[in-house]
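*Asks:* On the provided structure of chain A, position chain B as indicated by the hints.
2 protein chains.
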Amino acid sequence: MNFKNIAILFLVGTVSLSCNAQNESAQTTRTGSQNPIIFAKGEKITNDNFIGTVWLNNLVQADSLNQYAVGSVTFEPGARTKWHMHPSGQIILALDGVGYYQEKGQSKVILRKGDVIKCSPNIAHWHGASPDMPFIQVAITSRQNGPTVWLQAVKEEEYN
Amino acid sequence: MNFKNIAILFLVGTVSLSCNAQNESAQTTRTGSQNPIIFAKGEKITNDNFIGTVWLNNLVQADSLNQYAVGSVTFEPGARTKWHMHPSGQIILALDGVGYYQEKGQSKVILRKGDVIKCSPNIAHWHGASPDMPFIQVAITSRQNGPTVWLQAVKEEEYN
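Going down the list, the sequences are from chains A and B.
Under the working numbering, the first residue of the first sequence carries the number 1, and numbering increases by one thereafter.
Under the working numbering, the first residue of the second sequence carries the number 1, and numbering increases by one thereafter.
Isolated chain A, as found in the complex (with noise of 0.2 angstroms):
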């Protein structure tokens, strides 16, 4: 192999593992478009209102002035409400991944990015994610009537 022939094999290998560097960089981006972050995952949630993981970040609280909070809840995959309702209503704006949301006596809707659903007040109803998929989304809550009224857990076979 002449010189001429080594510079060109060089050549070949240089231009693959710069296309392979800039694929990896664009491959993380692909993976961050799957799953864009608008707000902080916050704090994990501890009570047992919740079964598996389930963050919430406190976007606005109620107070006298503006009755409703607004909080951006990310449900990793398999977790979820139990049934509860809310005496004003509650708004769920879904931003990411597959959800699940299911209200008393309804069968189970499956919410995924650009889904809004509007609860009427003192409504049993349950919400999470998928169980292979994580679930986001911004929940708008009066405080108007009370606070949120928690039931029973999802049982299995309700959720699957």
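Keep in mind the hints are simulated off the structure, nothing from the lab.
In this text the structure is predicted, and so the values were computed from the model without any measurement.
Don't take each hint at face value.
In this list, chains with the same sequence are indistinguishable; a pair is considered to hold if it fits within one copy or across any two.
Pairs of lysine-lysine residues, derived as DSSO-like cross-links and limited to a Cα-Cα distance of at most 30 angstroms, are as follows [as the list claims (entries may be wrong)]: (1) K41 / K113; (2) K44 / K104; (3) K41 / K118; (4) K41 / K82; (5) K155 / K118; (6) K44 / K113.
*Replies:* Relative to the frame of chain A, chain B by itself:
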């Protein structure tokens, strides 16, 4: 140039072309990542309470049970509201792009993805996109004490 040299040059060209093709694909994804669309843009606003091109997707209408409206608003670069007030205040969640927010008598605030504004009732303010980037926000507005009160246009010296 012998056959082996031609073959090697062909290989360099193939690797290089393949690399470019993959990076173009990644570039598209990167652009998408910078501008993730969670909610559809909705309808172009045609009333004169806004300057420039602004899109509104009414996610939730206010009603007797849920007295707050939720909308996704997309401001194209340079677009903005007039000065206005909400009798029950407003929450702004910045989803993407670069936006401006200003309350009367205060400095202009730059908003980016994940920023949250809690605007108190009856405080004159305006919001919109920066001159060079669009701005996407979710607005949560209580209708409990009546509709938005629209005021004067934002002067160029206030905007810039």
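*Asks:* It remains to establish, for every hint, whether it holds in the given structure.
*Replies:* Here is how each hint holds up against the structure:
1. For a Cα distance limit of 30 angstroms, the shortest separation of K41 from K113 qualifies both inside one copy, at 17 angstroms, and across copies, at 14 angstroms.
2. Proximity of K44 to K104 under the C-alpha cut-off of 30 angstroms is restricted to the intra-copy arrangement: shortest distance 27 angstroms within a copy versus 38 angstroms between copies.
3. In this assembly of identical chains, the alpha carbons of K41 and K118 lie at most 30 angstroms apart whether taken from the same copy (23 angstroms) or from different copies (20 angstroms).
4. In this assembly of identical chains, the alpha carbons of K41 and K82 lie at most 30 angstroms apart only when taken from the same copy (20 angstroms versus 34 angstroms across copies).
5. Taking the closest pair of Cα atoms, K155 and K118 come within 30 angstroms of each other only inside a single copy of the chain (23 angstroms); across copies the shortest separation is 38 angstroms, beyond that limit.
6. For a Cα distance limit of 30 angstroms, the shortest separation of K44 from K113 qualifies both inside one copy, at 22 angstroms, and across copies, at 22 angstroms.
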